[in-house]
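Student: Start from chain A and add chain B according to the hints.
Number of protein chains: 2
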Amino acid sequence: MTDTPLAIGIDFGGTSIKVGVIYRGNMIDSAPPIATQEYDGPQELIATMVRVIEGLRESHPGIKAIGVGMPGFVDYEQGLVFNLTNVRGWVNIPLKKLLHDATLLPTVVENDANCMAYAEWKRGAGRGLKHIVALTMGTGVGGGIIANGQMIRGACYGAGELGQTSIDFQGRVGAYGNKGALEDYVGNNEIAADARNFYESKGVFKTITECSPASLASAASNGDAIALEIWDGIAEKLATTIMNCCWLLNPQAVIIGGGVAKAGDLLFAPLQKHLFSQLSGPFKDHLSLLPARFGAEAGMIGAAALALEEAGFSIE
Amino acid sequence: MTDTPLAIGIDFGGTSIKVGVIYRGNMIDSAPPIATQEYDGPQELIATMVRVIEGLRESHPGIKAIGVGMPGFVDYEQGLVFNLTNVRGWVNIPLKKLLHDATLLPTVVENDANCMAYAEWKRGAGRGLKHIVALTMGTGVGGGIIANGQMIRGACYGAGELGQTSIDFQGRVGAYGNKGALEDYVGNNEIAADARNFYESKGVFKTITECSPASLASAASNGDAIALEIWDGIAEKLATTIMNCCWLLNPQAVIIGGGVAKAGDLLFAPLQKHLFSQLSGPFKDHLSLLPARFGAEAGMIGAAALALEEAGFSIE
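Line by line, the protein sequences are chains A and B.
Position 155, counted from 1, in the first sequence is what our numbering calls 154; the numbers after and before it change by one each time, with no gaps.
Position 294, counted from 1, in the second sequence is what our numbering calls 293; the numbers after and before it change by one each time, with no gaps.
Just so you know, not all the hints are guaranteed correct.
As the list claims (entries may be wrong) - Where chain B lies over chain A, by a calculated footprint (3+ residues, C-beta under 8 Å):
no.: 1; segment: 146–154
no.: 2; segment: 157–171
no.: 3; segment: 176–188
no.: 4; segment: 247–254
no.: 5; segment: 279–287
Worth flagging that the hints you see were computed from the coordinates, not collected in a lab.
Note that the Cβ used here is the ideal one computed from N, Cα and C, for glycine as well.
One chain only, chain A, in its complex shape (with noise of 0.2 Å):
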C-alpha cells in the first residue's frame, strides 16, 4: 500500500479563504487567509488563490490534488459555483476548470456542508460507517447524507440541507417560502432572538450578547435554570429535524458540528432524550448520535480527502 499523499484544502468562506495543506486528516501547514471581501471579481480572486496554492506547493511538492469547500450552491460534477449570495460577481464560475487550468493538479469544488460530513466519514466521527447523516450548525444550519457507502448529492447537487426542512407545517415563513424551516429556529441569530424573548417573558433582560449561544451554554453551566430550558428548547426543535432523517435514511450515526455543538451535553443530552423517544427499537439500537471530531478545519478535511478520492488516490 502507498501512503497517502498530500492535497490541498480549501476553505472558502465569505470572510476569508483558508488554504492549508492536508495529510491524513491533518492540516500540517497553512497560509494566511485571503481576505474574501478584498477583491473585485472572481478572477482576480481566483490569481490569488492559485499564487497562495503554488507557494505551498514550493514547500511540499508532494501535493496531488485540489479540494475546495463552497459556501453555496455548487454544480459538483462541473465543479461549478451558482452562485454566492454574498461574495459580488461570483454567478456561475467554472471554478473547478480555473484552478484545475492554472495548476494542472486534479481539482474538485463541493458544497461546504458536504465536505464536513466528507471529513466525519473519511477521518472523523463516522469512520467505516456507510449511512451517515452530518449536520453543521452556525449562523445557518448545513448537513450532508451518507448512504450505501456514497455521498447523496441528488437531481442537481442539492441534497443534504437539514436546515431547510420544516419542523413545523405552519411555522415560520423561511427564505424559500419553506415554512417552519429548522433554521429559522436554530441557527444562531434565531437562537438569540428566541433567548432574549424567552428570558424577557420570565421577566429577565438581556442583550442579545448575552444570549448567544456560546453565552446560554455559560449561563446553562452556571445553572441559570431558564438557559437550561432553552437548551432543551433547542435540542426539542433539532431532535425533529433528525428523527426525520432517521425515519427516512435509518443512519448507524447522525453527527453534529459547528458553533452551536460546542455546547456539549448542554444540547447532546436533552437532544438524545427527544430523539430516542421518537424513534423505534430497531433505529434506536443502530444509532449513535455523535459530536463532531473536526471544529473549523473540518471543510478543508474534507474537501482535500474527497480530492485524493477522486483522483483515484486511497486515502485508508
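Tutor: Just chain B, lined up with the frame of chain A:
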C-alpha cells in the same frame, strides 16, 4: 440480449396473500388469494404459499425467481421477517430461506412499500431515473427511497418510513412516541376523523363513511367547498413531508400511489402548489410530482423485478 424471465410476485397482506406471475411489469397469471387469518401459524401458511407457487410453476415453467413484499420490518439481506403485528406467530421468520429451500428458486423478501417504490422505479413512473422518493397512501403512509440509482435501506433496513416523519414538533403523538407523524394526519382513518370534525365545525354532520377519502373525492368533484378545503389541508400536510424529502434528497421525481392518491388532481393540484411554493429554483426545476403507474399490483410487480435483479437477470 436474452428475454426477461418470469417471476413470482407475492403481496403478503394481513387479510389476504396475493400470488401472481409477472412478466416485464405485467401480471400475466395469478392464483386465488390466500386468506391470511385462516392459518394457525407461519408453518402452515408458508406450506400453502409453496403449494400455490408450485401450481403456478406447472403452468409457467419459465419462472426463475420469487419476490415477496411484506407489511412490516424485514431484514432484507437475510430475508428475515422480524414481526407482523396483525398476523399471529410471525416473529423472526426466515421466510427467504424457507421459500428457497422448498422451491429451490432464488427468493427475496422485502418491505412492501420498498417493493412499490421498486416497481415504479423499474417499471413505472420513475423508469430510468436515479433519484426517487415514492409514497403509498392508505391506512398508513409508507415509502421508499432511491438515490444514486440504488434502493436506500439504511443501517437495519428501516429507511423510507415517510409516514413516521414529523410535520409538527408539537403535534399528535404517534405510535412510536413521534410527535406530528404525517401518518397521524393523512392516513385513511385520520383523514376521515378530521374531515368529520371539520364538517361539524361548519355545521354539517357526516358519518365517518361519508368522510372516507373516496367519499371526500366524490364530494369535492361535485363542488362541495368544504371537501375542497379538506383536500387542500391534506395536501398542505403531505407537501411538508415531501418538501423535507426534497431538501434532504433532491429527487428527480416524487411518485405517489395508494388509495388516497386516487383522488387525482383534487390532491395533486394543491399538493403541487404547497410543495413548489416551499422549494428553491433548482430543486423545482429538476423535480416531477407524479402519480404512481401501478395500483394494487405494485407490490407484486416490484417484488418480482427485485427478485430477478438480485438473481442476476437483466430486467431491461
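Student: Could you check the structure against the hints above and give me the numbers of any it violates, in ascending order?
Tutor: Violated hints: none at all, because every hint is consistent with the structure.
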